[in-house]
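Participant: Heads up: the protein sequence lines correspond to chains A, B and C, in order.
Sequential numbering of the first sequence, starting at 1, is according to the UniProt record's numbering.
Sequential numbering of the second sequence, starting at 1, is according to the UniProt record's numbering.
Sequential numbering of the third sequence, starting at 1, is according to the UniProt record's numbering.
Since the hints were made in silico from the structure, they are not lab data.
Be a bit skeptical, because a hint or two may be false.
Straight-line C-alpha distance at most 25 Å; calculated BS3-like pairs for lysine-lysine [as the list claims (entries may be wrong)]:
1. C:K103 to A:K4
2. A:K4 to C:K10
3. C:K10 to A:K107
4. A:K107 to C:K15
5. C:K16 to A:K7
6. C:K207 to C:K105
7. A:K7 to C:K63
8. A:K107 to C:K217
9. A:K107 to C:K16
10. A:K131 to B:K314
11. C:K209 to A:K7
12. C:K16 to A:K4
13. A:K187 to C:K10
14. C:K63 to A:K187
15. B:K129 to B:K318
16. B:K121 to B:K318
17. A:K105 to C:K105
18. B:K416 to C:K63
19. C:K10 to A:K105
20. C:K209 to A:K105
21. C:K107 to A:K194
22. A:K7 to C:K107
23. B:K416 to B:K232
Given the structure is predicted, the values throughout are model-derived calculations rather than measurements.
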Amino acid sequence: MSVKQVKLTVVVIILAFFAFFALAPFFFMLVSSFKPGDQIIKNGISARLDLDIMTFKNYKTLFTERNGIYLYWYKNSVLITTIQTAVAVFLSSLVGYGLAVYDFKGKNILFVLVLILMMVPIEILILPLYKLSITLKIIDTYAGVMLPFIVPPVAVFFFRQFAVGLPMELIDAARIDGASEFGIFFKIMMPLMKPAFGAMIILQAMFSWNAFVWPLIVLRSNENFTLPIGLASLITPYGNSYDMLFSGAVISVVPIIILFMFKQNSFISGLTVGGVKG
Amino acid sequence: MKKVFVTLLFCLLIVGITFSAAAKTTTLTFWTFQELHQQFLEKEVARWNENNPDNQIALEATVYPYDQMHNKLLIALQSGVGAPDIADIEISKFANYLKGNTPQLVAFNDVVDPLMGQMIKARFDNYSKNGNYYGIPYHVGATVMYYNTELTDQAGVDIDDIVTWDDYVAAGQKVKAATGKPMTTVEVTEHWSLYPLISQIGSDIFAEDGSIILDNEKNERVLTFLDDLVHKYDIAIPTPGGFHHSEEYWAFMNDEGAASLMMPLWYMGRFVQYMPDLKGKMAIRPLPVWEEGGNRSAGMGGTGTVVTIQSDHKDLAKDFLVEAKLSVEASHKLWTELGFDPVRWEVWDDPVMSESNQYTDYFKNEDIFGMLLDIKDEINPTMITEQYPQAIDLLKKNVSFKVIKEQSETPAEALKEAADELRQ
Amino acid sequence: MKSIKNFYQKFINSKKVAPYIFVSPFIIVFLVFYLYPIISTIIMSFQEIGFGEAEFIGLENYKKLFNVHYKNALLTSTNYTFWTILILVPLPILLAVLLNSDKTKFKNFFRSAIFMPALTSVIVAGMFFRYAFGEQASTLANSLIGLLGIGPITWLQDSIPAMIALVILCVWRWLGVNIIYFLSGLQGIPDAIYEAADIDGANSWDKFKYITIPSLKPVIIYVITISVFGGYKMFAESYAYWQTATPNDIGMTIVSYIYQTGFNNFNMGFASAIGITLLLIVLVVNLIQLNLFGLFKKED
Chain A
1 MSVKQVKLTV VVIILAFFAF FALAPFFFML VSSFKPGDQI IKNGISARLD LDIMTFKNYK
61 TLFTERNGIY LYWYKNSVLI TTIQTAVAVF LSSLVGYGLA VYDFKGKNIL FVLVLILMMV
121 PIEILILPLY KLSITLKIID TYAGVMLPFI VPPVAVFFFR QFAVGLPMEL IDAARIDGAS
181 EFGIFFKIMM PLMKPAFGAM IILQAMFSWN AFVWPLIVLR SNENFTLPIG LASLITPYGN
241 SYDMLFSGAV ISVVPIIILF MFKQNSFISG LTVGGVKG
Chain B
1 MKKVFVTLLF CLLIVGITFS AAAKTTTLTF WTFQELHQQF LEKEVARWNE NNPDNQIALE
61 ATVYPYDQMH NKLLIALQSG VGAPDIADIE ISKFANYLKG NTPQLVAFND VVDPLMGQMI
121 KARFDNYSKN GNYYGIPYHV GATVMYYNTE LTDQAGVDID DIVTWDDYVA AGQKVKAATG
181 KPMTTVEVTE HWSLYPLISQ IGSDIFAEDG SIILDNEKNE RVLTFLDDLV HKYDIAIPTP
241 GGFHHSEEYW AFMNDEGAAS LMMPLWYMGR FVQYMPDLKG KMAIRPLPVW EEGGNRSAGM
301 GGTGTVVTIQ SDHKDLAKDF LVEAKLSVEA SHKLWTELGF DPVRWEVWDD PVMSESNQYT
361 DYFKNEDIFG MLLDIKDEIN PTMITEQYPQ AIDLLKKNVS FKVIKEQSET PAEALKEAAD
421 ELRQ
Chain C
1 MKSIKNFYQK FINSKKVAPY IFVSPFIIVF LVFYLYPIIS TIIMSFQEIG FGEAEFIGLE
61 NYKKLFNVHY KNALLTSTNY TFWTILILVP LPILLAVLLN SDKTKFKNFF RSAIFMPALT
121 SVIVAGMFFR YAFGEQASTL ANSLIGLLGI GPITWLQDSI PAMIALVILC VWRWLGVNII
181 YFLSGLQGIP DAIYEAADID GANSWDKFKY ITIPSLKPVI IYVITISVFG GYKMFAESYA
241 YWQTATPNDI GMTIVSYIYQ TGFNNFNMGF ASAIGITLLL IVLVVNLIQL NLFGLFKKED
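Bound conformation, chain A alone (with noise of 0.2 Å):
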């Protein structure tokens, strides 16, 4: 084996390390989501394939439970983690261009306030903001739920920070010839900004996907809960209902497993090059 293989061969061996790593919980989690409850609770969760003991009834259960209760849960979270990363991360996106690209007043102020607003933790604020969505009327429905975080602060940083290294003669040049300001921004810029939107599509929807505290808060009704307000119920302190547990929490990963499978590609590699200088 030439030096360069065996480099190659290290790295591989490298990154599988860390692949079962960070897939390991999973399987531990599919193998106890064929196992009835009282098992898991008998012998803990285990990896151990017990062909006799496992089946999909904990599957059938999640469809037929309290009227297919997890399929409500299932299509909120969907259409709010849809609806939230596009409207999310295309106003972050302006947000945070226009503190790169330009210089006005209260520019620094305004980026104070982003830092400021990323760090204020949402449990602090919660009673307050309660407080807020019953006079805007938003309690217990989707609006409530997005409307607070509809310009991600931690996206605006993000875009402001990738914008920062575009090539500004880009601008330059195409004021000369007489492009508009919105125009630069999406005729020029925005294709340059792909692989920041490719990874804040993905981190803005895994952000709403799990969100937990605030909609936790905001929604009243069972059938507007999403999937991890849902699943969270299932866990009491006088034990667990395993049986929906683990198969719900498999379920709830597989469509974006998959998603991201066939999308990473375009979503993180293979786009036009955006120039980032430090």
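Chain A is already provided as a structure; the job is to place chains B and C on it using the hints.
Facilitator: Same frame as chain A, now just chains B and C:
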């Protein structure tokens, strides 16, 4: 079980259809953190609707995660909008909802007072303030000792001979010698080992005037005793997983981990559900006493069902709850369906309470409620103040943990530290 | 009519106005959803809050901060932030470089695999980890250290093992995410630069040191910044292991402490005061960090 449920649902449907034209139906919303409570109240609604054709109820129940339900309710009550008609509040959180001068809950006195003669009053006191009862309990939560008789028999111990805690220690030493297994487990991250004993010995966290007595001599004696079980007599271990509701503990017990367990009677359900391997081996007995003639139990845990002042149907909600949780029929069902010791002690010697069901089948006792009747006057009330949630928090997190697990403090130090923090 | 439209278009496109339109979504959301709650939290931190009643008590809530729990929480959060940054910046950069190379085999699979944890709810993943770090000899963590001849340990009831458990859960969840950040930065480095370096005879390490790292600087700043925020804001991981009561505060973070005082003990005023101090601490830490990196300098 499922069949019954389907049938009941069907009845509910028929009843609903039959009367929908004539009768008015009121929708009541209900929040809980326990699916079993939801199922129970739904069945009670069906029964209510049969008996009250012209005053129908539709129950809209939502099960939330435990912590989150309490927070959500707190926020809704604090901001004056969004609370349900009815809600379950766990005892260690209850005081939060009675904080300040404007209670957000509706007093039950007018409907509960006439029944008080048949009730274990101490349980209502847990949910009261200034003489007003704000919550309706599900159970007494009498603390008992669960023995694994297979292990005690192996050691030649007759559990009926265990009268005092000294006897218990002696029996534990025999069990340890014969089987190599610990007599019991002591919780180090929850309070179900320390607090029942504090109550049993006649002490408490707070005195009746609300002052803090957590660091008194009796409590020190109790904590020292628990510590000694583990480190001096070597007949107990810190609970696997830290507390008696952990997965580790269930696996441990299914594997015949320890010969006995002190928990309230509502823990029977956990045995039936999570420790199937111990079926037919477990027997329930009163607690050993500290002194001859001392109390043999303590009332622990529980959930108060409340009506919030935001409800538009306060009277209906109150009447319904009294019927659904305190009536004779409901009391029977609290036992047969949930395995609870109902607060209406008057029903304890009813025939249905000794009939065979999933709980009696699991345990070796013939007459659980006979035993309860025996000890019903030996249950001290517990004093609850605004600081109760914080106090329970400290018991859970620090007191037993530092003494028994970390061994970083003596019982006196740990109790004093917690008491001082509460006094601040 | 036409001239009005023209004027309008000119107006919003002018270099003076356009920037404000770009940033307006943030300003609107801030004014509508955050201004009132933040002010209200500041006010609450000087109050004792009951139901529909609030009493000003001056600095009482802030005085209460001098207690052992607050100190413990601050230490836990700081430790946690330190360790997660120490691991979650260099490691993902390295893996991102490996995953970005054309020569690496199966890189799509590896990328998806390592990113997968980010897709799961921490509530459910926490169940697994809580069990994996159980105290019996047979649990995953104890079997692993058993191979090295150590243990078994009661992981979740001792401060150092508890911190290890927290950091491992954090690495598991966020490794893939940080890799994505760095990958998107790496995509932006033109191949030509590397080719030029090759011609100059640079080796891999030189290229990494003189091209990759400087090019990634904005992304590194970003990741460190959000890691400081994320570290101090951490709550979900702690909740997954211990819910709200950690024995002797070993896993209690500042936000867990806020949650406990605010909700479990219904002391919203004190909780707000803790929150405000958290805000100040993180702000200072990050301003120092960002100034070191020269973020507020005009970039040209």
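Participant: With reference to the structure, classify each hint as holding or not holding.
Facilitator: Here is what the structure says about each hint:
1. C:K103 to A:K4: holds (10 Å)
2. A:K4 to C:K10: Not satisfied, since the Cα-Cα distance of roughly 59 Å exceeds 25 Å.
3. C:K10 to A:K107: OK: C:K10 and A:K107 at ~22 Å, within 25 Å.
4. A:K107 to C:K15: Measuring from Cα to Cα gives roughly 14 Å; hence the hint holds.
5. C:K16 to A:K7: violated (54 Å)
6. C:K207 to C:K105: holds (21 Å)
7. A:K7 to C:K63: Violated - the C-alpha atoms of C:K63 and A:K7 are around 59 Å apart, more than 25 Å.
8. A:K107 to C:K217: holds (22 Å)
9. A:K107 to C:K16: holds (12 Å)
10. A:K131 to B:K314: OK: A:K131 and B:K314 at ~24 Å, within 25 Å.
11. C:K209 to A:K7: holds (19 Å)
12. C:K16 to A:K4: violated (56 Å)
13. A:K187 to C:K10: Holds: A:K187 and C:K10 sit about 18 Å apart, inside 25 Å.
14. C:K63 to A:K187: violated (56 Å)
15. B:K129 to B:K318: holds (18 Å)
16. B:K121 to B:K318: Given that 25 Å is the threshold and the Cα spacing comes to 18 Å, the pair holds.
17. A:K105 to C:K105: Judged against 25 Å, a Cα distance of about 50 Å means the pair is violated.
18. B:K416 to C:K63: holds (22 Å)
19. C:K10 to A:K105: This hinted pair holds, its Cα atoms lying about 20 Å apart.
20. C:K209 to A:K105: violated (37 Å)
21. C:K107 to A:K194: Holds - the C-alpha atoms of A:K194 and C:K107 are around 21 Å apart, at most 25 Å.
22. A:K7 to C:K107: It holds: about 15 Å lies between the C-alpha atoms, which stays within 25 Å.
23. B:K416 to B:K232: Holds: B:K416 and B:K232 sit about 22 Å apart, inside 25 Å.
Checked against the numbered hints above, the structure violates hints 2, 5, 7, 12, 14, 17, 20; every other hint is satisfied.
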